[in-house]
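Colleague: Sequence:
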Amino acid sequence: MKPLALSHLPLQRRVLLLVGLAAVFSLLLAVVAAAIYDFSTYRPRTIERARAQVESIAAIVTAAVEFQDARTANEYLSELGRDPSIEALAIVQEDGTVFAEYHSPGTRVRNFADTGARAQLIHAGRILTTHTIDAAGPAHADLWMATTLMPFADRIWEYAPLLGAVALSLSVLAIMLSITLRRAISEPVQALAATARDVTRLRDYRRRVSSEGSDEVGQLARDFNAMLDAVEERERALRQSEETAHRQLIEIEAIYANAQVGLCVIDNELRYVRINKQMMEMSGHPADALIGRTLEEATPELATVLAPICRQVLTTGEPVANIEYASAAPPDGTQRYWIGNHHALLDEVGNIIGVNVAIHDITDRKRANEERAALETQLRQSQKMEALGTLAGGIAHDFNNVLTAISGNAQLAIEDLTPEHPATPSLYEIKRATGRAKDLVRRILAFSRPEQNIQHLIDLRPVVEEALRLLRATVPKMIDIRLEAEPDLPAVMADATQVHQVLMNLGKNACDAMQNRGGTLTIRLASERIDSLLHSPSPDLHPGTYLRISVEDTGTGIPAELIERVFEPFFTTKGHGEGTGLGLSVVHGIVRGHRGAILVRSRPGTGTVFDLYFPAAEREPEDASKATAAATTPAGRGEHVLYVDDEDQLVDLVTRMMERMGYNVTGMTRPAEAIDAVRADPTTFDLVLTDLGMPGMSGMDLAEELLQIRPDLPIIITSGYVRAEDARRAEQIGVRDVVMKPNTVAEIGQLIRDRLDALKK
2 MKPLALSHLP LQRRVLLLVG LAAVFSLLLA VVAAAIYDFS TYRPRTIERA
52 RAQVESIAAI VTAAVEFQDA RTANEYLSEL GRDPSIEALA IVQEDGTVFA
102 EYHSPGTRVR NFADTGARAQ LIHAGRILTT HTIDAAGPAH ADLWMATTLM
152 PFADRIWEYA PLLGAVALSL SVLAIMLSIT LRRAISEPVQ ALAATARDVT
202 RLRDYRRRVS SEGSDEVGQL ARDFNAMLDA VEERERALRQ SEETAHRQLI
252 EIEAIYANAQ VGLCVIDNEL RYVRINKQMM EMSGHPADAL IGRTLEEATP
302 ELATVLAPIC RQVLTTGEPV ANIEYASAAP PDGTQRYWIG NHHALLDEVG
352 NIIGVNVAIH DITDRKRANE ERAALETQLR QSQKMEALGT LAGGIAHDFN
402 NVLTAISGNA QLAIEDLTPE HPATPSLYEI KRATGRAKDL VRRILAFSRP
452 EQNIQHLIDL RPVVEEALRL LRATVPKMID IRLEAEPDLP AVMADATQVH
502 QVLMNLGKNA CDAMQNRGGT LTIRLASERI DSLLHSPSPD LHPGTYLRIS
552 VEDTGTGIPA ELIERVFEPF FTTKGHGEGT GLGLSVVHGI VRGHRGAILV
602 RSRPGTGTVF DLYFPAAERE PEDASKATAA ATTPAGRGEH VLYVDDEDQL
652 VDLVTRMMER MGYNVTGMTR PAEAIDAVRA DPTTFDLVLT DLGMPGMSGM
702 DLAEELLQIR PDLPIIITSG YVRAEDARRA EQIGVRDVVM KPNTVAEIGQ
752 LIRDRLDALK K
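Under the working numbering, residues 2 to 762 are what the sequence shown spells out, in order.
Don't read these hints as lab results, they were simulated from the structure. Mixed in with the good hints there might be a few duds.
As the list claims (entries may be wrong) - Distance ranges between label pairs, derived from CB positions:
id	residue 1	residue 2	range
1	A728	T498	18 to 26 Å
2	R208	L250	26 to 34 Å
3	N665	S533	55 to 63 Å
Where a beta carbon is used, it is the ideal one built from N, C-alpha and C, also for glycine.
Produce the complete structure using the sequences and hints provided.
Modeller: Laid out in structure tokens, this is it:
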């Protein structure tokens, strides 16, 4: 600088420069005093100031520490750490971790959680100040602040205003600056700290601080208010979330507890950790008997199936769904059927920690399916027997006509010959053979048309006792026969003779099954009520009360593959010549003819049980032991009878034999001829006897034509197989008698005699 350069400066500047030079000279004189003063007071003042700063900063970041908001805490430290004297700030939690920190640019990063690092700072001449942040709740931490000492050369300038002639001005300026700073910084910061303490203590996030200033303190206040807005919103959202979560938890617990599916949670060690009410009912154990115990300990009946499945899910993590298994369920040990779905239970990071199990009880559905299958099997068997019966009835009907012709002609031949004639013995043998054949046909017809019987309201116990007396006289002594009957058994509508035949057939078969080793034949009489078709043992049995007769033996039993065939005609397990195979088929037909049903149960090597069901009646029973009066020999009194049948042999035979009985008989084989004969002289015939099944025109059609000609003409329709619809149609057209075709000509004569006598009465 040139010596006269100051002259070129404005006066104000030159004065300022001279004052400055004077101030410099004064300052140099005061440096020594200031240095002494500084060396004696600077460090304590700096430490005290650091303590005040760290307390103020701690008050500001207390809320962030309480809410564990590290981001906000870091922002506060960065903002408050702008003081050049502050080298670093750090919040260290109780567990030794650094929650938030700030390091001034260009300084080395220190770990304040490390005692050694703090010692190095102290050794380096830094002032290390700490303050405990006493936040509400479990969060506690320490605020550490590292402050640098200003170099002496820099510090001396702080005393320059105090030196020389400007000391008073500097004092005034200091006072004004103090007031300004207090209003601009201290008071807002104190208000900010007070608000932070109130928010921390009272948890009142609606409090706010004044933020009118546009400086940094005003910005800090606005940021603090914004932080409170965010915290208040988060608190409100948190409360709503907690309320929603609590409500949902209650709903989920209610659903879990009241679900109609057994639910449980099983941990990695196969222990029950949670279970709902339905699962407790299904397992038969209370919750305290299951929770905390393993599958093998708590539910051994389920463990054999459930444990391997749970291990598979725990190992693979893949669900195992729709697994059906059965087990004995306590307390009664009944067999139960289940369908289980098993899914892995995962924690927050995806580790498998257990198995969710949902078990459906399908026992009722399973048993209903089994019952339905059994009923379908019985229905198929019933349909098969009905078809076989229809076939057997048709064959037996035609065969019976042939036998009637053979037997009738043999009888006529016997009457025409003397007893000493050489052919007489042969004719008697023919009659005996046809008698045996007719008995076989009668059995087939009993199977094929079981509804044709003479039923009375009777008590079946005397019939059973009589059948047992006959059996005891014919079976080996080593077979024990027993009768077990309930008191007050209901009466039934039944044909005592046919029921007697049923018991004899079943009893004989049972004794045959036990004759090689002996045993016990037990007949049980009991009353049984069937409430619905679903619980009916047979589709033929409708709801109502039944008398059940059970015939049980301890014989060899029937193999399972033969059970469905035992009622088939001509099916037998006996050797050649030991049985016809019609016994059980006849029994089946008789029972069905009584609107009942017959069921069979058998176990090979143990025995067989036949259950016969007869519908119970309400009226008082008749005495089944009354014997019917012997029929008198039918005799005609010259009545004119028109006999119509498509079989020439039968027409010829019946005509000849009935004429011997005293009737005037006109036999015809074509219904059209019979119609012409009646139309020619309607009063010439006293009675018409016609077969039902004839080609071209049935007996029912013939009767309808004849009744149009003469409405009062007595007509008897006979058939080897009479259906219910045939009887209904006969009633509609005016035919009073539709009967089964008699087996002998004598029976035909008796039938005509009875009808003619009834008309006269």
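Colleague: All hints, please: hold or fail.
Modeller: A quick look at each hint next to the structure:
no., hint, in the structure
1, A728 x T498: 18 to 26 Å, "holds, 22 Å"
2, R208 x L250: 26 to 34 Å, "holds, 33 Å"
3, N665 x S533: 55 to 63 Å, "holds, 59 Å"
In this structure, none of the earlier numbered hints is contradicted; all agree with it.
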